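J.: For reference, the chains in residue letters:
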Amino acid sequence: MEEILLNQVGKKIILLGNEAIVRGALESGVQFVSTYPGTPASEIGNTFSKIASKAGVYFEFSTNEKVAMEVAAGASFSNLRSLVAMKSFGLNVASDFLIPLVYSGVRGGMVIITADDPNCWSSAQSEEDSRVFAYLAHIPTLEPSTPQECKDFTKLAFELSEKYKIPVMIRETTRVALQSGVVKLGEFKKNEEKGEFIKNPHQFSTMPPRVLEMHQELLEKIEKLREFSEKSSINKIQNGNAKAQNSKIGIIASGISYLYAKEVMKELNLSFPVLKLGFFYPLPEKKIAEFIRNLKKLLIIEELDPYLEKEIKILAKETNPQLQIFGKSSHQYIGGGDKNILPEVGELRPEYVMEALTKLSGKKWKIREEKLPAFPKRLPQFCPNCPYWLVFGAIKRAVKPEKVIFGGEIGCYMMAALPPHNLQDYLYCMGSSVGVAHGITKSTGQKVISFVGDSSFFHAGIPALINAVYNKSNPLIIVMDNSTTAMTGHQPHPGVGKTGMGEETVSLKIEDIVRACGVKNLKIIDQQNQEEFIKAVKEFLEKDEVSVIIARFPCVFVNKK
Amino acid sequence: MQKNFNIIITGVGGQGLITLTRVLAEAALIEGHDAKTSELHGLSQRGGSVETHIVFGKDVFSPLVKKGGADLIISLEAQEALNALYYGSKNRTWFLIDKFLKPISGNQKELSIKEIIRETERFSKESLLVPASEITKKELGNPVLAGIFLLGYAVRKKIIPLKPDSILKAITKVIPEKYLALNQKAFDLSFGR
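Protein chains in written order, with my numbering: chain A, 1 to 561; chain B, 1 to 193.
Where hints are given, some of them may not hold.
Lysine-lysine pairs mimicking PhoX-like chemistry, simulated, CA-CA at most 20 Å apart [said to hold, decoys possible]:
hint, chain 1, residue 1, chain 2, residue 2
1, A, K523, A, K509
2, A, K371, B, K58
3, A, K184, B, K58
Bear in mind the hints are in silico, worked out from the structure with no lab data behind them.
The model shown is predicted, which means the values in this text are computed figures rather than measured ones.
Generate coordinates for the entire structure from the input sequences, incorporating the hints supplied.
T.: Here it is, written out as structure tokens:
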């Protein structure tokens, strides 16, 4: 871990994509870092948590991603360089603040990291492509492919952010964030400049009519950034020589997909021209137009949604209407049919790109044909001695599961959706189990038990709890308090008494907050006392008001850390 | 080395796959190779099947090994070898399987070791079954060292084209001080087997 702090310029070390982002931020003189943990972005916060004091950087785990983005913006407004990291869904939470933030722009360089999870390896909810926020918020967005690029692009993002006074986003996917590879170190020195907020409501107050001017200024910034993008070496053409051009087949790829394209071309001994796009937004439209002008066939490879494909189809209409564009869009009128040769669902894999390129080039590739046998599948489950076993066991003894509706969310307790528990009838984002429970009890009078984790309670559970009390319904909410943010790697939260930098701090009591929200029926139970727990569940399910049980027993890893 | 060397490690969450993956990548870097790995965190580590990829050689692009593209599959639990058949092929793949079974919950029909080997043989040039967990538990009191033991085994049998010394150096670098001696012993245990 300490290797990441080495100050040996040119030394090669192995880093995960996420660690390389940390190193890139350090080499850029980052001073202020915030996050809410979420896989596949968690190692950014975890790494800063370990090294921040040594590196002279302020780091915090914020209560949720929106707050994390706000505090990082506050640092940037005070002229510090700041970085905020989150997973895809975190960006949804933060988006309410993100959109006006890009309007106003920033002062110190500010970089936002978002990590998508194609294939939902570690994500419930959805296979979200966060790049859509580039359009929604007009935020410049870069897509690295390798750990080296994670570092280099982070540095570039800081430079661009400071030069154009705009936050810059880096979009990773799981196979980039959790890819390790060789990274060449650059110079890193502590940045000891102090922050100062200088009043400037002209920039930082997003009120009409000024906000419309801001919108105009933002669009102008983006066009300047597009000029930069046109010339930038992170949008690079390879094999662009005349011989390769004669092939009339070209590839445009971004992120991890570029590595699959390179790997496959090496194996098939192909040298099609490739345009690797490091910028997702703003796109270098001229460069793309030039690249596709003389091609007959184009393959576009990108992870998750076919955004590049749609953009490039529009460009091709102007520059090369005859161009056949292959990709993943299943859209009935633009593409689809025989041009839809990559999957739109799930993550890409090198063999999918292999198949696509063999189709386009006519090259043969012998893949083994043996049929895979059927074999049993191992599902995720609670760790041995996990205290959650006792909660779900007690629930099954307290109620007939078919008579009660069970609400879940993301966190370790979502594994209650799997056998042998089967105790989640709906499962969405953090905090939602409580909000939905209120809607169901209000609509039906049916009994609902809503499970919410301790970190999730702080993250987004509190407003939903207040709502249920205020608007008079009666779900039973069970706060699964295991004293940590377990699923993402045991990060502290406001109830734990430790900050992200390991300092002692106040430990907020969930019961105090629950009481302050107006809840009268409250019990705090160590679920090892099964009979007491079962009795409380039975009693509270009969109540006409909101009830809360805090099931309190630490995660098996809490004292090991 | 003409072509890149592609390794898949499979097992169950908690068996130390990520440490093994780091050791291999560091050892490859020590020998001057380019190297990439791919791993998964979070939900994927919760007692379910886990799989990591390690590729090293001259120029490595993809961190993922493709279908049928593995040179070596190390399986830290026998049934998990079945998950990795996808990456195996008759002409290039070695299977190195720990003779250790962790039951799968539910009412699914599990395959016996014999049936598993019958399947891996269809997707490999050779399948080796080694009682690594049993040996490390008996000799060192901890079956989690089975991975390092198997690494030693694969290097000494020259299945992995890296020097034992490079792996030992990598172990020293990656493994925390307090577990180091035990891991070095596990690596040496494979000697002569």
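J.: Okay, which hints does this one fail, numbers in order?
T.: Number 2 only.
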